[in-house]
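Let the hints inform the model, and build the full structure from the sequences given.
Sequence order for the protein chains is A and B. UniProt numbering puts the last residue of the first sequence at 416; the count rises by one with no breaks. UniProt numbering puts the last residue of the second sequence at 90; the count rises by one with no breaks.
I should point out that these hints are in silico values taken from the structure, not numbers from a laboratory. Glycine included, every Cβ here is placed at the ideal spot set by N, Cα and C. Where hints are given, some of them may not hold.
[Claimed, not checked] Residues of chain B placed beyond 12 angstroms of chain A at every Cβ, according to the derived structure:
#1 Cys5
#2 Tyr18
#3 Gly49
#4 Gly60
#5 Glu78
#6 Ala82
#7 Val85
[What the hints assert, rightly or not] Part of the chain A face toward chain B, derived, beta carbon under 7 angstroms:
#8 Arg249
#9 Tyr398
#10 Thr400
Listed below, chain by chain, are the residues.
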Amino acid sequence: MRYSGFKVIKEALSGHKGWKPAWREPDPKPHYDIVIIGGGGHGLATAHYLAKVYKQKNIAVIEKGWIGGGNVGRNTTIIRSNYLLDGNEPFYEFSLKLWEGLEQDLNYNAMVSQRGIMNLIHSDAQRDAFVRRGNAMILNGADAEYLNEAQIRKEYPFLKFDDQRFPIKGGLAQRRGGTVRHDAVAWGYARSADSHGVDIIQNCEVTGFKIENGVCKGIETSRGFIGADKVGCAVAGNSGRLMGMAGMRLPIESHVLQAFVSEGLKPVLPGVITFGAGHFYVSQSDKGGLVFGGDLDGYNSYAQRGNLPVVEDVCEGGMAIMPMIGRARLLRMWGGIMDMSMDGSPYIDKTHIEGLYFNGGWCYGGFKATPASGYTFAHLLANDTPHETATAYRLDRYKTGHMIDEKGQGNQPNLH
Amino acid sequence: MRLKCPVCGERDRREFYYVGDAVALARPDPDAGEAAWDDYVHNRDNPAGVTRDLWQHEAGCAAWIVVTRNTVSHEILETALAADVKRAMS
Numbered sequence: 001m002r003y004s005g006f007k008v009i010k011e012a013l014s015g016h017k018g019w020k021p022a023w024r025e026p027d028p029k030p031h032y033d034i035v036i037i038g039g040g041g042h043g044l045a046t047a048h049y050l051a052k053v054y055k056q057k058n059i060a061v062i063e064k065g066w067i068g069g070g071n072v073g074r075n076t077t078i079i080r081s082n083y084l085l086d087g088n089e090p091f092y093e094f095s096l097k098l099w100e101g102l103e104q105d106l107n108y109n110a111m112v113s114q115r116g117i118m119n120l121i122h123s124d125a126q127r128d129a130f131v132r133r134g135n136a137m138i139l140n141g142a143d144a145e146y147l148n149e150a151q152i153r154k155e156y157p158f159l160k161f162d163d164q165r166f167p168i169k170g171g172l173a174q175r176r177g178g179t180v181r182h183d184a185v186a187w188g189y190a191r192s193a194d195s196h197g198v199d200i201i202q203n204c205e206v207t208g209f210k211i212e213n214g215v216c217k218g219i220e221t222s223r224g225f226i227g228a229d230k231v232g233c234a235v236a237g238n239s240g241r242l243m244g245m246a247g248m249r250l251p252i253e254s255h256v257l258q259a260f261v262s263e264g265l266k267p268v269l270p271g272v273i274t275f276g277a278g279h280f281y282v283s284q285s286d287k288g289g290l291v292f293g294g295d296l297d298g299y300n301s302y303a304q305r306g307n308l309p310v311v312e313d314v315c316e317g318g319m320a321i322m323p324m325i326g327r328a329r330l331l332r333m334w335g336g337i338m339d340m341s342m343d344g345s346p347y348i349d350k351t352h353i354e355g356l357y358f359n360g361g362w363c364y365g366g367f368k369a370t371p372a373s374g375y376t377f378a379h380l381l382a383n384d385t386p387h388e389t390a391t392a393y394r395l396d397r398y399k400t401g402h403m404i405d406e407k408g409q410g411n412q413p414n415l416h
Numbered sequence: 001m002r003l004k005c006p007v008c009g010e011r012d013r014r015e016f017y018y019v020g021d022a023v024a025l026a027r028p029d030p031d032a033g034e035a036a037w038d039d040y041v042h043n044r045d046n047p048a049g050v051t052r053d054l055w056q057h058e059a060g061c062a063a064w065i066v067v068t069r070n071t072v073s074h075e076i077l078e079t080a081l082a083a084d085v086k087r088a089m090s
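See below:
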């Protein structure tokens, strides 16, 4: 069933009795050509592109809970491609281009809103760094624009420009960045994958891999053994746990990142603002809530909740840059589990086990990467070669000296 | 979250700096080879459950502490001075 304006009107006139479930609930088959573990944004996107672009058949997505119940349902919905390094920027720009055509591709309203993102600048050194970043973005086909203080005052008059420690001196804007309705991304990909014949199997937890002589033959699950020629893992947050079942130790630590939303307000914030110096970023949802966040809690964790010191730190950041936020009450806060990699960049690669492929290590940049992650992972699964925008995301890049460390922090996952 | 410093007693989490997995206590020999060093520097067990990590009582006595902790419940199970743990290992 295709969604359209005509269909909405027709259903409105007939009591909305004609809507069908957006995807089936099939039982698992004994064998698939390709099994994707993880029914989140990345796993469902992988299934969609495998079926639609790479014309693969006989695919299943295995999800331990309900689809979209992990990090795609727990993030702050921002999309952007403002990266510096060659290994990253083409990939994230590819992702942003896919976001721009996503709703037509999926026939699903994901509320992609290119309201723009602005990184604030407070010093000469920071200006140099951001101008360099902007140039790197432009070289890779993205858009970037340097704004001076007067231009920012015009767009965001309510920011605290004359702060003693971090006066606002300019900003790097990416007008094509913005926000997307995160749950709709999972649902849209699921509906499209399902319509292309992908089996989406929920409430089916993976309990082990069947590996014989270095070849992955399938997975053990709470609903029995499922054979597969190829198994792709896309379970960021729980990668360590899952790949541990295949005997792998990963260059990843799991960390908790908190996010916050205020009560609904009238429109006050036109775009996304990031205050990197104070570890705070904020946007306003279409419902009116201010959606904001900051740093990781900083210690390894699999608990989807954090501690109060970071709540305090994030709120201080908000008060420092946007004092009017102090008048809004906090409505909700939550934590999500991040795969923090050793250099702050992700992995999309084959493993040393034949037929087992890995996608993870997204740090806190997983949401914006969803379309490109799915597309390039599908490319790898279908062709056994990396997509041209994802050649750098190798699991062995530390050994070969090709880490992609945007912040230059070294092997300290909690600092990326 | 409150951590018990073996020297100062139970203190707020804010007083401590988190370093990472206590893998640093098992540093390979300088000539252990590339594979051993790559594994030591980059790969982690990352358990969902009991883990051991290194913290420093930065805003207190500056002691390095090995904390045994549950990553799912955030429960602190045991703390010990890193120096004592290292001595017991050798």
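Against the structure, the hints:
Every CB of chain A lies more than 12 angstroms from the CB of B:Cys5, the least distance being 16 angstroms, so the non-interface label holds. Residue-level check failed: B:Tyr18 sits 5 angstroms from the nearest beta carbon of chain A, not beyond 12 angstroms. With 12 angstroms as the threshold on Cβ separation, the claim that B:Gly49 sits away from chain A is violated: the shortest Cβ distance comes to roughly 8 angstroms. No Cβ of chain A comes within 12 angstroms of the Cβ of B:Gly60; the nearest lies about 15 angstroms off, and the non-interface call holds.
Residue placement check: B:Glu78 keeps its beta carbon more than 12 angstroms from all beta carbons of chain A (closest about 16 angstroms). Listed as outside the interface, B:Ala82 is consistent with that label: its C-beta sits roughly 16 angstroms from the nearest C-beta of chain A, beyond the 12 angstroms cut-off. Distance check on B:Val85: its Cβ is at least 18 angstroms (rounded) from any Cβ of chain A, clearing the 12 angstroms threshold; non-interface status holds. For A:Arg249, the shortest C-beta to C-beta distance to chain B is roughly 4 angstroms, which falls under 7 angstroms, so the interface hint holds.
A cut of 7 angstroms between beta carbons decides the hint on A:Tyr398: the least distance to chain B is about 5 angstroms, and the hint holds. Given hint, A:Thr400 at the interface with chain B, is violated; its Cβ is 10 angstroms from that chain's nearest Cβ, farther than 7 angstroms.
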